[in-house]
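Student: Sequence:
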Amino acid sequence: RMMELEDKLRQSLDKLQGRENNIYASEHKLESQLEKGEKEMKNLNHRAAEGCFLHKRIHTSIIEGEGKLKSKYHGRIHPHRHEFAK
1 RMMELEDKLR QSLDKLQGRE NNIYASEHKL ESQLEKGEKE MKNLNHRAAE
51 GCFLHKRIHT SIIEGEGKLK SKYHGRIHPH RHEFAK
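Per the working numbering, the very first residue in the sequence shown carries number 1; after that it's consecutive.
These aren't lab readings, by the way, just hints derived from the structure by calculation. We treat Cβ as the ideally placed atom computed from N, Cα and C, and that holds for glycine. Mixed in with the good hints, there may be bad ones.
[What the hints assert, rightly or not] Here are the simulated lysine to any residue pairs, SDA-like style, with alpha carbons at most 25 Å apart:
| id | residue 1 | residue 2 |
| --- | --- | --- |
| 1 | K39 | H28 |
| 2 | K29 | D14 |
| 3 | K15 | L34 |
| 4 | K72 | I62 |
| 5 | K56 | K36 |
| 6 | K15 | K36 |
| 7 | K36 | H46 |
| 8 | K70 | T60 |
[What the hints assert, rightly or not] The following label-pair restraints were derived from C-beta to C-beta distances:
| id | residue 1 | residue 2 | range |
| --- | --- | --- | --- |
| 9 | E66 | S26 | 35 to 41 Å |
| 10 | E38 | M3 | 32 to 38 Å |
| 11 | K36 | I63 | 28 to 34 Å |
| 12 | E20 | R57 | 54 to 60 Å |
| 13 | L69 | S32 | 51 to 57 Å |
| 14 | R1 | N22 | 31 to 37 Å |
| 15 | N45 | L69 | 33 to 39 Å |
| 16 | G18 | I58 | 44 to 50 Å |
| 17 | S12 | K39 | 37 to 43 Å |
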């Protein structure tokens with residue numbers, strides 16, 4: 001009777017150990033995926049910041065270019081015929 005109980009107890013402990021191992025493996029996998037996701041997010045944030053910077057630079061260049069052209073050809077530029085629609 002005692003041997004039977006010890007055997008059941010051993011089986012239950014083995015099952016628990018197996019579950020614990022599965023939990024640790026899953027936890028490790030999730031941590032790895034989280035790290036990968038965080039790296040991707042940092043990379044995307046960096047690329048977005050670069051894109052924003054380039055957009056501002058291009059926008060500034062366009063405005064400056066328009067200003068130079070307007071001042072250079074001021075007398076020769078005729079208003080667009082649909083200018084009133086703006």
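Student: Taking the numbered hints from earlier one at a time, note which ones the structure violates and give those numbers from smallest to largest.
Tutor: 3, 5, 6, 9, 10, 11 and 16
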